[in-house]
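Assemble the whole structure, with the sequences as input and the hints as a guide.
For the record, the sequence lines run as chains A and B.
The first sequence begins at 1 in my numbering and counts up one residue at a time.
The second sequence begins at 199 in my numbering and counts up one residue at a time.
Simulated from the structure, these hints should not be mistaken for laboratory data.
Wrong hints could be hidden among the right ones.
[What the hints assert, rightly or not] In silico DSSO-like cross-links for lysine-lysine, where the CA-CA straight-line distance does not exceed 27 Å: (1) 202/B to 74/A; (2) 186/A to 206/B; (3) 74/A to 206/B; (4) 188/A to 206/B; (5) 67/A to 4/A; (6) 206/B to 4/A.
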Amino acid sequence: MKPKHWYDYFWIWTVAYFALGFFNILFAWLGMVDFLVPLLFAVFGGNKWFCNRLCGRGQLLTVLPRKFGVSRRKPAPRWLSSPWFRYAFLAFFLTMFGNILYQSYRVFGGAASLREVVKLFWTFRLPWGWAYTAGTVPDWVAQFAFGFYSLMLASTLIGLIAMALYRPRTWCSFCPMGTMTQAICKLKQRGRLPEDTN
Amino acid sequence: MPSKRYAKANRTRCVSCGACVRECPRGAVEIWRGCFARIDPAVCVGCGRCREACPADCIELLQREAAS
Ligand code: SF4
Ligand code: SF4
Ligand code: SF4
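Shown next as structure tokens:
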């Protein structure tokens, strides 16, 4: 469908996020919005309005294939959307997020020094020093930014690869935020179901 | 005249992403309390666009029972 709501343009936010982080890594902190807002909606609203309306990444994955045809639009293998894979991937992501917190804490406590690198897929180190002038903020704040930007970059690239190979929003079937918010919503309903079976 | 077919999402496999909601030209789909997609068979025209968009591939098109 064509965009028809004001919130259909949040894909621009996703593009802007990576552009801003390219020039100044501290903008990576803004990504916490994409982490916290979906959880707030799920915990307090019991809904997935973030995924269903607001998420810039989900929109980007929809818009790119629509405009440029960059998706094969083939069904993805079933295991990608199976519960065990979704929860394993969520666990992996939370572990990686925990690691970012731990590294920032080590820098905070002086046990480690700031490393100005963005890691691609947790393996390849990309020097990223231009995006940060040492001493602008406490080192741990910068360390978190480098780590979080790496996480956002990796997940977006996985999303784009899945988009190209399978259906546009294949990423959303195993996105950790999607899994987490759906789990919270289901927990809130605890087996309650609508009366019909539609 | 209702369409011959209508869409139904599998509640167990749906990931409640909302891709189907966006694609449906009739507004027949809602995400029920963040848990799964529900498609109103009375509104659905069986076009299959939601099925093509579903990343979990969990929507089927069913034949309507012949109205008796
Ligand atoms: S599943 Fe993830 S990427 Fe997809 S809409 Fe939800 S939060 Fe965004
Ligand atoms: S089959 Fe067409 S009309 Fe029916 S729910 Fe899917 S997109 Fe909407
Ligand atoms: S597109 Fe598929 S997985 Fe996503 S909400 Fe609709 S039925 Fe569920």
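Status of each hint after checking the structure:
no. : hint           : result
1   : 202/B to 74/A  : 25 Å, holds
2   : 186/A to 206/B : 19 Å, holds
3   : 74/A to 206/B  : 19 Å, holds
4   : 188/A to 206/B : 24 Å, holds
5   : 67/A to 4/A    : 16 Å, holds
6   : 206/B to 4/A   : 25 Å, holds
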